[in-house]
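The task is simple: from the sequences and hints, build the whole structure.
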Amino acid sequence: MGKLIYLDNAATTKTAPEVVEAMLPYFTEKFGNPSSVYSFASGNKDVIAAQREIIGNALGAKANEIYFTAGGSESDNWALKATAEAYQGKGNHIITSKIEHHAILHTCQYLESRGFEVTYLDVDENGLIKLDDLKAAIRPTTILISIMFANNEIGTIEPIKEIGEIAHEHKILFHTDAVQAFGQVPINVDECHIDMLSSSGHKLNGPKGIGFLYIRSGVKIRSFVHGGAQERKRRAGTENVPGIVGFGKAVERAVSSMEKRTSYERELRDYMIERISKEIPYCRLNGDPVKRLPNNVNFSFRFVEGESMLINLDLKGICASSGSACTSGSLDPSHVLLAIGLPHEIAHGSLRMTLNEEITKEDIDYVVDNLKDIVELIRSMSPLYEDFLKKQK
Amino acid sequence: MYTEKVMDHFQHPRNVGEIENASGVGTVGNAKCGDIMRIYLDIDENEIIRDCKFKTFGCGAAIATSSMATELVKGKNIREALEVTNKAVMEALDGLPPVKVHCSLLAEEAIHAALWDYAEKHGIKIEGLDRPKSDIHEGEEEEEEEY
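Going down the list, the sequences are from chains A and B.
Per numbering that gives the first Met the number 0, residue 0 is the first one in the first sequence, and the count goes up by one each step.
Per numbering that gives the first Met the number 0, residue 0 is the first one in the second sequence, and the count goes up by one each step.
In case anyone wonders, no lab produced these hints; they're calculated from the structure.
Since the model is a prediction, treat every value here as computed from it, not as a measurement.
There's no promise every hint is true.
Claimed, not checked - Straight-line Cα separation of at most 25 Å, SDA-like style, residue types lysine to any residue; simulated pairs:
| id | chain 1 | residue 1 | chain 2 | residue 2 |
| --- | --- | --- | --- | --- |
| 1 | A | K290 | A | E190 |
| 2 | A | K371 | B | K75 |
| 3 | A | K389 | B | N76 |
| 4 | A | K290 | A | L120 |
| 5 | A | K315 | B | R13 |
| 6 | B | K75 | B | E126 |
| 7 | A | K389 | B | N20 |
| 8 | A | K29 | A | A69 |
| 9 | B | K4 | A | G1 |
| 10 | A | K389 | B | D41 |
| 11 | A | K207 | A | P185 |
| 12 | A | K61 | A | Q229 |
| 13 | B | K132 | A | Q229 |
As structure tokens, then:
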């Protein structure tokens, strides 16, 4: 295949070469178990501590509040299940939103089956939760609020600071799934009153299979994986040393490049949004136009089904994703697109393109030029478009 | 994930379009599920399908099965066309991924719906042809209908 334009950075990112380089020695000469006594291996303990420090600093947190996990889903599961268990003496109610990642939503459903009660907040047409709804949902039995920092599909950034303040006022724990946001927007856990935060390495040019859960000191949270004394006895299992080293490197890289990188991406993003809005009729930008991740573009095209758009883009060497049912393995389109009020047939025609710093303006032009043709081609085959045109006459 | 034949029919769909004053038109599926198929038939006085066109809103498999189904019924008489089952469409495409089998069912239903429309217009009864169970307009009213 010739040209490849990768516009699915919300799904995963390329591991940065300097990250791979930093990891390599920990597979070979520095393979030791950090828990071992001899100096050859115990040096790895210090290496892990250093990464914890880097990550803690990036969040305005202390190093000992960072707990490494196998990724975002584990962090989400841990935060919810362990909080529910630890605080069930206080209450059994959890507040979340309808547009969370499945790692949150399915864990909430699991907790409901165990006797917990969950409020799933609605969002507005841009995907923002309403603070009044949040306040109204709080009960004396509410033990946890879990709202994502930024949405993975439509890129909307939630009012995290305001949510944190409300949680703090009511003495309710606040967890945020920051898998998409960390490394893309500045985060300070104290300013936002965040008690727990989930993150994943491979979303910010780090390796797959490594994540962390930030847990504020003083939060009672039980061990999720029982066994050895790793991660301050809260998450057993020999540390994924190469993964942790790679994650640390990736965070360092993401934090130091954030301003320059995201302003570049933001410019490209807005250029792409403008071209699509102007040049492709009957489309809709999904997600908030301003409170939006720097690299996220998400459109719905009427009379078009998402998967056929993706295959056509793939034939042109363009990687993107869609919230259509055909790409999810179920008959329903994305829960996020339905939650922002899109009718089913419009939700089926969604396209998400997530940029990175290697994408150029020429790439964007190539993608939009092709997308125009593809949408037109698919519409020419669509009975919905045929009916629409007949009605117009 | 798709066979070469599916990709061929997706990239170069046969018989896309409409037939003006068609002998029979059938539209099945609904936008909620993300698949709508419309088939136009031009049937001559000897009950032979002279021409067949389609329009489809749906995934790659939906477009490929529509294309293949139109190829298979063209030139057949209406009774033979009834025998173009979803299995036949799938076999002709060298198979579909399991999650896409419902697309081939839709193609069969679309042909049946178009034949039903033809039979109704001409006041005839085609042996073995039942009223189409899924219809775009019924679907709008009866959300619970299964496809």
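- Task: Given the hint that A/K389 pairs with B/D41, test it: the Cα-Cα distance must not exceed 25 Å.
- Result: Judged against 25 Å, a Cα distance of about 21 Å means the pair holds.
- Message: Checking one constraint from the list: CA of A/K290 to CA of A/L120, max 25 Å. Satisfied?
- Response: Holds, at about 19 Å.
- Message: Can you confirm whether the C-alpha distance between A/K371 and B/K75 stays at or below 25 Å?
- Response: 38 Å, violated
- Pairwise hint evaluation, A/Q229 against B/K132, where the allowed Cα distance is 25 Å at most: Violated, at roughly 60 Å.
- Hint consistency between B/K75 and B/E126 [alpha-carbon to alpha-carbon, up to 25 Å]: Measuring from Cα to Cα gives roughly 16 Å; hence the hint holds.
- Message: Against the 25 Å threshold, does the CA-CA distance of A/K29 and A/A69 hold or violate the hint?
- Response: Given pair A/K29, A/A69 holds - Cα atoms ~20 Å apart, limit 25 Å.
- Task: Quickly compare the C-alpha distance for B/K4 and A/G1 to 25 Å and report which way the hint goes.
- Result: 23 Å, holds
- Has the given pair, A/K290 with A/E190, been kept, meaning a C-alpha gap of at most 25 Å? Within the cut-off at roughly 18 Å; holds.
- CA of A/K207 to CA of A/P185, is that 25 Å or under? 22 Å, holds
- Item | 25 Å limit on alpha-carbon distance, applied to hinted pair A/K61 and A/Q229 | Holds, because 17 Å separates the two Cα atoms, which is no more than 25 Å.
- CA of A/K315 to CA of B/R13, is that 25 Å or under? 21 Å, holds
- Message: For A/K389 and B/N20, compute the direct alpha-carbon distance and say whether it is at most 25 Å.
- Response: Holds, because 15 Å separates the two Cα atoms, which is no more than 25 Å.
In the structure shown, a violation is registered for the earlier hints numbered 2, 3, 13, in ascending order.
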